[in-house]
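As you go down the protein sequences, you meet chains A and B in turn. For what it's worth, our numbering labels the leading residue of the first sequence as 1, then goes sequentially. For what it's worth, our numbering labels the leading residue of the second sequence as 1, then goes sequentially.
Derived from the structure by calculation, the hints contain no laboratory data. Treat the hints with care, since some could be wrong.
Identical copies carry no separate label here, and so any pair may be met within one copy or between two of them.
Unchecked claim - Here are the computed lysine to any residue pairs in the SDA-like style, where the Cα-Cα straight-line distance is at most 25 Å:
1. K90 / A118
2. K90 / D145
3. K90 / G133
4. K90 / Y108
5. K90 / D25
6. K90 / A141
7. K90 / R144
8. K90 / G114
9. K90 / G38
Number of protein chains: 2
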Amino acid sequence: MTRPEALDWSIDNCTIQRALAVLGDRWSFVVLREVFNGVRRFEDMRTRTAIPRQVLADRLVMLVDEGLLRREPYREVGQRERHEYRLSQKGLDLYPVLVALNEWGTAYYADSSGSPLAFEHRDCGGAVHVTLGCTSGHEVAGPRDVVPRPGPGARRLAV
Amino acid sequence: MTRPEALDWSIDNCTIQRALAVLGDRWSFVVLREVFNGVRRFEDMRTRTAIPRQVLADRLVMLVDEGLLRREPYREVGQRERHEYRLSQKGLDLYPVLVALNEWGTAYYADSSGSPLAFEHRDCGGAVHVTLGCTSGHEVAGPRDVVPRPGPGARRLAV
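One chain only, chain A, in its complex shape (with noise of 0.2 Å):
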């Protein structure tokens, strides 16, 4: 086997790596499923998810910070104030990795039944999937068509 070449080059810059340590838990992720799906709410973020309360409220303080959600203050009548949590840009990017990330899930961990959730094209009720294109507007079947290359931030490691 031949050295791979990906060896002669730093991952310290790595956006892969660094988009993990804001999304890598398994819970920050079910947070940013429930407001994609229009809850917006601690509590009812919590009763739906089982996610324990001091570790929801952790995960939403850190998406918060690093701007995928703002915090906005709601008043029910004869309530005090509360907050909701809606998708920033940066948050609403995130969205062909969760249609990707349900994707993998229902081909490989759906129940025979099939995936409790679909995604609908608004415009013609077709269901939404994720493609792989080039910026020549080709198709891109899978791995097998893409070169990993250097990016233009690609550092050479010192031999």
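Add chain B to chain A, keeping to what the hints say.
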């Protein structure tokens, strides 16, 4: 605000959550990134990623047990038999998640020089990116064009 419809439905069989139970720590996906980039051997992964030895060993066992990686023997001259790791179809099917994570990470967390990694279409050299489409062939711009619906496996909560 109207009550979010999502609250009427169980998340017990959510396929996003099941996917995250496998992938939901920052290291599992970093290990997969390595293998996608052709780094298949324990020592190479460890040197490159600085994942603690025991954590890396645990993650590799889990990814093999879950069927994302296959473990294959090799032997270099004068050395004992060792193993390297290759993606199964189930692992390869995570590729859209990897590309989508990298896009998001690059948009929000890259150094000013940009991402260290680029994905090139093998045929034409164009940059590969993730898009959303629907079964009727429409391009889907983002979450505002999509309606989340109960899927075939949806279970209504008792109220």
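Hints, one by one, checked against the model:
1. K90 / A118: Classified as both; 23 Å inside a copy, 21 Å across copies.
2. K90 / D145: Cα proximity of K90 and D145: across copies only (17 Å, versus 29 Å in one copy).
3. K90 / G133: Both. Shortest intra-copy (22 Å) and inter-copy (21 Å) distances satisfy the 25 Å Cα cut-off.
4. K90 / Y108: between (28 Å within a copy, 8 Å between copies)
5. K90 / D25: Both ways: K90 and D25 sit 18 Å apart in one copy and 21 Å across, limit 25 Å.
6. K90 / A141: between (27 Å within a copy, 15 Å between copies)
7. K90 / R144: Classified as between; 14 Å across copies, 30 Å inside a copy.
8. K90 / G114: Between copies only: 17 Å across, 30 Å inside.
9. K90 / G38: Within one copy only: 17 Å inside, 30 Å across.
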